[in-house]
Amino acid sequence: MPTFFVNKDRVDVSKDVAADTPLLWFLRDQLNLTGTKYGCGLALCGACTVYVEGKPVRACQTPLSSLKQGADITTIEGLKTREAQAVQAAWARLDVPQCGYCQSGQVMSATALLAKNRKPTDADIDAAMAGNICRCAAYVRIRAAIHDAAKSLS
Amino acid sequence: MNPMRMQHPTAGTGISRRVFLKAAAATGAGLTLAVYTGRAAAQAAAGARVDPSAFVKIGTDNTVTVLVKHLEMGQGTFTGLPTLVAEELDAAWSQVRAEGAPANVALYNNLSWGPMQGTGRSSSLANSFEQYRTAGATARAMLVAAAAAQWKVDAKSITVKEGVVSGGGKRATFGELASAAARQPVPATVELKDAADFVYIGKRFARTDSKAKSNGTAIYTQDVKLPGMLTAVVAHPERFGARVKSFDSDSVTAIPGVRYVIEVPNGVAVVATSFWAAKKGRDALKVVWDPATGFKGSTADILAEYRRLAKTPGKPARNDGDAAKAIAAGAKRIDAEFVFPYLAHAPMEPLNCVVKLSADRCEIWNGEQFHTADQQAVAQLVGLKPEQVFINQVYAGGSFGRRASSTSDYVVEAAAIVKGIASAGKRDIPVKLVWTREDDMTGGYYRPVYLHAMSAVLDASNNVAGWQHRIVGQSISEGTAMAAMTTHDGIDATSVEGAANLPYAIANLSVDLHTPSIDVPVLGWRSVGSTHTAYATEVMIDELAISAGKDPVEFRMALLGSKPRHKGVLALAAQKAGWDQPLAPGKAGEKRGRGVAVHESFGTYVAQVAEVTVGANNALRVDRVVCAVDCGLAVNPDVVRAQMEGGIGFALAAALYGEITLKDGVVEQTNFHQYQMLRINEMPAVDVHIVTSSEKPTGVGESGVPPLAPAVANAIAAATGKRLRALPFRLA
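Residue numbers (my numbering), protein chains in the order written: chain S, 11 to 164; chain R, 323 to 1054.
Any given hint could be a false lead.
In silico SDA-like links for lysine to any residue, alpha-carbon gap of 20 Å or less [stated by the list, open to error]:
1) R:LYS678 x R:VAL704
2) R:LYS601 x S:GLN40
3) R:LYS533 x S:ARG92
4) R:LYS601 x S:ALA29
5) R:LYS525 x R:GLU452
6) R:LYS533 x S:GLU93
7) R:LYS707 x R:ASP750
8) R:LYS889 x R:ASP1009
9) S:LYS18 x S:LEU77
10) R:LYS533 x S:ASP158
11) R:LYS547 x S:VAL27
12) R:LYS547 x S:GLN40
13) R:LYS872 x R:ASN823
14) S:LYS90 x S:GLU63
15) R:LYS601 x S:LEU74
16) R:LYS601 x S:ARG92
17) R:LYS525 x S:ALA102
18) R:LYS885 x R:ASN823
19) R:LYS985 x R:SER620
20) S:LYS18 x R:THR539
Everything labelled a hint here was simulated from the structure, so no lab data went into it.
Here the structure is a predicted model, which means the values were calculated and not measured.
All chains should be built: construct the whole structure from the sequences, respecting the hints.
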């Protein structure tokens, strides 16, 4: 029986769950962790971004069968780092979200960026965030909030 | 309990208003008020049934919950409407919550349309402005009256600030007074504040939904989970309107988790215990479609037919002077054909809807945009009365018009699935219908294809002497209940808005319309008619200005003599953009240009100046957009700014990439690799400037969109001399 750790909690995958089930739908339908969103199913939009072993991946294109036994998975619900708190505080301070549906993914990607780069330039932000579509195009504020979060961390 | 009823005038408007109170003290819930105006009041006066639901609830726990009758889809109505209540109530912003109101047209009618509860045409704030303030003022008066009675002081000596009621040396929170306030009579009149006394309106303050939308806890339809709920994925026809001939459910029921295979009006639904099982079932399902049915046309055929139609006069939408004669006599003539593609709304949350059907009620969870229409359509389908259909409003992950379905298509589809399950003897099973991204993108209900044929002339003195504007395209209202509201004398107003009311003073001007019927489902798309009319008119006027050898801003200003608000935003945008200063040159091999456009939609005036760089290989970059907006009184300037910023990015996505095409009836774009969205690296810098105004507030959810594409096109023309007359842009 495959076993993972989701937000530090041990999760045993039941035999009823097909091995080709994408991590996205396992999180949403089996674990009721609905903060991770379905947007495209083809890793084109970034709404389903989660961390596997600390690295951002697209959960919609991550079948359970591709995960290692004991894989460490972090979703928006388990995001607790200092960088995450700074990002989420900046998101609220600048009122980044509009419809908000993409924002879990945006916050996951922005937090991952700040975890490895405390002073991202605009070009760094473009490189790290271009995989996350915001249909409301709240990009002006996403950029500003990442800079704001970086400032609050320094 | 009969609601107490009071009538009171509103200063200056002459609109009478009734205030209903539901005293909920017995349940300990505190003060609950319902206020409504207009047609709903008239219906109530005529004896129609009125459910005294609430606009504002003040809990004994000191929360102020505002029931918002509109859909929050990103535009900020869950902040804007609570602001109106908080302002008049003098609540602390931290105690204010927003909650979606139920479907009840008598109570929650959209006063701009009515009688219909729904969200669209940027009407939420405008139609609620006095209604929600009155609700807040009424609740405040009752809290004050309760405090006065309790403290035995004159109500006039009591003050309210930030959720605290003070007087006679005593103070109390709203929560402490809520139960007593609920027992107070409803005041005969309430006074609304003078603008000078506003503490929230006109200021920046936080959205009610930012935190929940930044930590994954905000609930969208996609996130609704109910005990025993199943998920449905539907096999839709490849061609619009194709009918099911047969299907083989045996191949599907063997898939673990699949429970039901049900034919619905537009396909066959596979219902399973999880999305993944339902999708696997749907993908495996073999459906034979009746080859005699379904739309088999191609985009090229549609455009050929539109070009043929454009050579013949359409139905007149406006006719001033004699445009044909003026054009024949003009000194310099410009003829132009503009082409606009089908556009998908492509909200980040693909369509979905949760429905539970019981014997005597049907319950819906949805990012609900057309409450009344959807309620009626579902009631009819499942054989219940509209008031037996209950709608739970949740956040929508975008809509841009898609959830305002004139045929209630996806809501009815969800209801048809539970009806099918019920007819198999299984009631009370909630089902979540989920459209995949591909279902959403290929599922129709697009912004229609439009073709504009225009001719305009300058006379010998370089004045615009004639303007002929012919529009060809499907009506978004035809065949729906909307037509009664939008279509008169063969003109669907939403097809010509922005063109028939051209603001420029041109003596000889005609606008006419052809409305072909095509079996491709179409719908309004963020900013509706202005999505295409703003482009055609603002590119044409720019071309006339250049042809006349005049500055594009000055040229427009001279033609906007009697339009002060157009002129106001145009002057402001030009000034803030440094229009009178030369644009900084680009690097070697780059051409730079600056363009302008101004357009009014839904009573909101927006001008934008775009700065672009065209590099080697015609690579286009929009560097900056300076935007001036006049939306009357800006209730929350930061939300106004956000809507302009987002509207600009949304419009730029369409200008650069947006195009749905059909080949033999089949949609050629299925996901974001073929129907591209704007990404962060393509987003221009945006400067938004808001005109200070005391005019009544108008909406901002859509009006940032129309001027962007023509401003960018005019900037490209300034940089390269190329006039782009088809969207999306193709520079090569």
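Hint check:
no.: 1; hint: R:LYS678 x R:VAL704; in the structure: holds, 11 Å
no.: 2; hint: R:LYS601 x S:GLN40; in the structure: holds, 16 Å
no.: 3; hint: R:LYS533 x S:ARG92; in the structure: holds, 17 Å
no.: 4; hint: R:LYS601 x S:ALA29; in the structure: holds, 15 Å
no.: 5; hint: R:LYS525 x R:GLU452; in the structure: holds, 18 Å
no.: 6; hint: R:LYS533 x S:GLU93; in the structure: holds, 16 Å
no.: 7; hint: R:LYS707 x R:ASP750; in the structure: holds, 18 Å
no.: 8; hint: R:LYS889 x R:ASP1009; in the structure: holds, 19 Å
no.: 9; hint: S:LYS18 x S:LEU77; in the structure: holds, 16 Å
no.: 10; hint: R:LYS533 x S:ASP158; in the structure: holds, 16 Å
no.: 11; hint: R:LYS547 x S:VAL27; in the structure: holds, 18 Å
no.: 12; hint: R:LYS547 x S:GLN40; in the structure: holds, 11 Å
no.: 13; hint: R:LYS872 x R:ASN823; in the structure: violated, 24 Å
no.: 14; hint: S:LYS90 x S:GLU63; in the structure: holds, 15 Å
no.: 15; hint: R:LYS601 x S:LEU74; in the structure: holds, 16 Å
no.: 16; hint: R:LYS601 x S:ARG92; in the structure: violated, 38 Å
no.: 17; hint: R:LYS525 x S:ALA102; in the structure: holds, 17 Å
no.: 18; hint: R:LYS885 x R:ASN823; in the structure: holds, 12 Å
no.: 19; hint: R:LYS985 x R:SER620; in the structure: holds, 4 Å
no.: 20; hint: S:LYS18 x R:THR539; in the structure: holds, 19 Å
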